[in-house]
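Engineer: Sequence:
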Amino acid sequence: MAIVERVEGILKKNNIPYKTIKHQEAYTAQEIAAAMHVPGKDLAKVVMVKSKDRYIMAVMPASWRIDFNKLKDVLHEKDVRLATEEEFKSVFPDCEAGAEPPFGNLYNIDTYVDKSLAKDDHIFFNAGNHYETVVMDYNDYTNIVKPMVAYFAVQLH
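Numbered by the numbering used here, the letters in the sequence shown go through residues 688 to 844 in order.
Source of the hints: derived by calculation from the structure; they are not laboratory data.
Glycine included, each C-beta is placed from N, C-alpha and C at the ideal position.
Nothing false has been slipped in among the hints.
Simulated crosslink set (DSSO-like; lysine-lysine; CA at most 30 Å straight-line):
1) K802 / K737
2) K739 / K759
3) K776 / K757
4) K699 / K776
5) K728 / K759
6) K776 / K700
7) K765 / K728
8) K737 / K759
Label-pair distances were calculated between CB atoms; the ranges are:
9) T829 / K699: 12 to 22 Å
10) K739 / K706: 29 to 39 Å
11) E718 / V778: 19 to 29 Å
12) N702 / D766: 37 to 47 Å
13) V778 / T715: 15 to 25 Å
14) I708 / D781: 17 to 27 Å
15) T829 / F755: 22 to 32 Å
16) K739 / N702: 29 to 39 Å
17) E692 / D760: 34 to 44 Å
Given these sequences and hints, build the entire structure.
Structural biologist: Put into structure tokens, the structure is as follows:
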């Protein structure tokens, strides 16, 4: 399975330049960053969380983690937890499990991007599989996805 057709379709429809980079198969964001020879802070990872009966896509640098207290404040929710792959895999039928691209809008899921990613000119992310990464202009990404941008992640040491 190559880049998810939904993502490729919206990028082409909007004439947004992007590049697909093939790399050795990798299953964690940090492994992907290493395979691509880029710092973990430069690769965006998707973490699916659940709040009440809805899923939320949290996007942050690969070398960061969610601060659930901050995320609860951002979402104005008391009960927010990590969603399991088993819970959300049916929401992304065209993606390999754990390789979801940060386009929640294409799956009717609210997308939240940690503000630390807004400092970069480009965004690197999974293409829907474990062997390709997409790179595109960060501003083009936000114009297409229209994510909520907030501080909710912390850098790992």
